[in-house]
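Colleague: What follows is the residue order along each chain.
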Amino acid sequence: MQLTVNGHQYEVHGEVGTTLAEALREELSLTGTKIACGEGHCGACTVLVDDEPVLSCITLVHAVDGARVTTIEGLRDHPMIDAFVRSDALQCGFCTPGQIVSAVALVESEPAPTTEQIRHAMAGNLCRCGAYPKIEEAIRTWQG
Amino acid sequence: MELRRASSTTFDGLPVHGGTEVVPLLRAGLLRTDTLVDIRGVVPRDIAPGRIGAGATLAQLECDPGIPEVLREACRLAASPQLRNMGSLAGNLLQSTRCWYWRLGWPCRLHRVANGYGDECFARDGEHREHAIFANDYCASAHPSDVAAALLALDARLRTTARELPVAELYRLPTEADRRTTTLEPGEVILEVTFDECDQSVYLKAMERKRWAFPLVGVAAARRGAKTRVALAGVAPVPWLLSGELDSATPLPRNAYKVDVARALVKRARATIGA
Ligand SMILES: Cc1cc2nc3c(=O)[nH]c(=O)nc-3n(C[C@H](O)[C@H](O)[C@H](O)COP(=O)(O)OP(=O)(O)OC[C@H]3O[C@@H](n4cnc5c(N)ncnc54)[C@H](O)[C@@H]3O)c2cc1C
Ligand code: SF4
Ligand code: FES
Ligand code: FES
Chain A
1 MQLTVNGHQY EVHGEVGTTL AEALREELSL TGTKIACGEG HCGACTVLVD
51 DEPVLSCITL VHAVDGARVT TIEGLRDHPM IDAFVRSDAL QCGFCTPGQI
101 VSAVALVESE PAPTTEQIRH AMAGNLCRCG AYPKIEEAIR TWQG
Chain B
1 MELRRASSTT FDGLPVHGGT EVVPLLRAGL LRTDTLVDIR GVVPRDIAPG
51 RIGAGATLAQ LECDPGIPEV LREACRLAAS PQLRNMGSLA GNLLQSTRCW
101 YWRLGWPCRL HRVANGYGDE CFARDGEHRE HAIFANDYCA SAHPSDVAAA
151 LLALDARLRT TARELPVAEL YRLPTEADRR TTTLEPGEVI LEVTFDECDQ
201 SVYLKAMERK RWAFPLVGVA AARRGAKTRV ALAGVAPVPW LLSGELDSAT
251 PLPRNAYKVD VARALVKRAR ATIGA
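Residue numbers (this note's numbering), protein chains in the order written: chain A, 1 to 144; chain B, 1 to 275.
Wrong hints could be hidden among the right ones.
Said to hold, decoys possible - Quick look at which bits of chain A chain B covers, simulated, 3 or more residues with Cβ under 8 Å:
1. 39 to 46
2. 49 to 55
3. 113 to 124
4. 134 to 142
The set of hints was computed from the structure by calculation and includes no laboratory data.
Note that the structure is predicted; figures quoted are calculated from it, not measured.
Think of the CB as a built atom: it goes at the ideal place given N, C-alpha and C, for glycine as much as any other residue.
Sequences and hints are given; from them, build the entire structure.
Modeller: Set out below in structure tokens:
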């Protein structure tokens with residue numbers, strides 16, 4: 001099957017049942033996407049499929065045959081990365097790729113989100129280190 | 001296992017829409033199949049007044065101004081943004097119990113074992129803080145769908161490939177003779193949900209934290225003229241239509257708090273919609 005990840009075309013061979021997260025990490029070596037809970041609870045594995053944030057740990061790779069996937073590696077040049085660094089919006093960093101993917105999806109549709117909008121859109125990304133106030137600050141100030 | 005794309009609503013295999021239920025259950029070994037059938041191409045997902053395609057995502061519903069408040073708010077407060085982007089209305093109605101004994105594969109009354117089904121409810125004597133306060137004598141699971149409670153309050157109807165039915169009739173309490181919790185037949189696909197307009201409606205949800213948690217108690221209420229329907233999530237093995245008050249609840253030793261929470265939310269919901 002065919003997968004377009006960050007603008008590049010890939011051929012994926014995993015058997016049916018393989019998740020998108022496993023295919024990205026193991027077959028394509030795109031290890032920026034993290035797997036923590038592996039069952040849809042934490043948001044660490046968030047990627048964009050056709051521009052919408054979804055959980056790659058419970059998405060079958062065969063179900064996104066032909067879709068456009070964006071991972072944290074594809075957001076290298078997005079100003080949200082600098083915003084997270086400026087606001088010191090992480091501690092251990094394990095949740096950060098998922099946080100940034102969700103944050104980018106939010107500001108692409110709502111460039112100046114309110115606190116309420118930030119909290120609603122980011123509710124599916126848990127941070128065990130509790131960096132939430134800084135994450136919120138990064139998203140509020142991402143435009144510099 | 002193979003994954004096919006459905007080309008019509010008649011097929012052999014296990015239907016999968018967003019997969020947010022199917023994939024975790026397959027991976028946990030609680031669901032098995034040789035053939036998964038991706039039904040996204042054949043289940044409608046458009047939204048019109050009083051009519052919703054069963055393939056609409058919760059994300060579509062949470063921001064559509066034409067949707068009654070009770071259903072919009074139930075969707076907005078369900079799961080997480082990513083899950084709402086993925087999960088469909090029909091899949092939400094058909095989600096399995098979140099009972100932790102069931103999810104961990106304990107051989108309880110709702111699980112098949114070598115020669116039939118398990119014969120115990122582990123939750124009744126075990127950890128049941130989040131379990132049912134109504135109809136909990138055989139299986140004490142608490143139905144987790146906010147959306148189903150909202151549709152029950154709206155007295156919505158479902159259209160499937162086989163029949164039309166009130167949403168209440170999609171569900172059944174499991175019994176010794178028949179452990180199923182829904183009436184959906186193999187091969188039957190839910191296509192559409194319809195409902196009449198209401199004057200006012202509301203959804204209130206008590207959860208462990210402000211966002212992104214299953215309902216401890218969800219209260220859906222819809223009023224048409226002088227008639228109000230109140231339906232609850234998280235209080236019985238099926239979405240629960242409240243008749244009368246909460247006095248008939250039969251809480252377990254460690255979940256009586258749910259009766260108080262439900263009573264307060266029902267009162268608040270009725271006041272909000274002028275019932
Ligand atoms: C971590 C987590 C938290 C959640 N929190 C909440 C919450 O707070 N409140 C709440 O209400 N829900 C909650 N949910 C449930 C979530 O909304 C559902 O998992 C989702 O809507 C299911 O839709 P789906 O399309 O992904 O279903 P799938 O996984 O694709 O399917 C689920 C079931 O429905 C069947 N099916 C799907 N579509 C049809 C159809 N059209 N006809 C016949 N059968 C069909 C499938 O065969 C399967 O048995 C949560 C889920 C998860 C994983
Ligand atoms: S509550 Fe129901 S699902 Fe949970 S252990 Fe008891 S019988 Fe099983
Ligand atoms: S790893 Fe996917 S949601 Fe936790
Ligand atoms: S920074 Fe450690 S989990 Fe979020």
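Colleague: Hint by hint, note whether the structure agrees.
Modeller: Against the structure, the hints come out as follows:
1. 39 to 46: The restraint on the stretch 39 to 46 of chain A holds, since 4 of its residues have a Cβ under 8 Å from chain B and three suffice.
2. 49 to 55: Satisfied; 4 residues make the cut.
3. 113 to 124: holds (count 6)
4. 134 to 142: With 0 residues closer than 8 Å to chain B, the stretch 134 to 142 of chain A misses the three-residue bar; violated.
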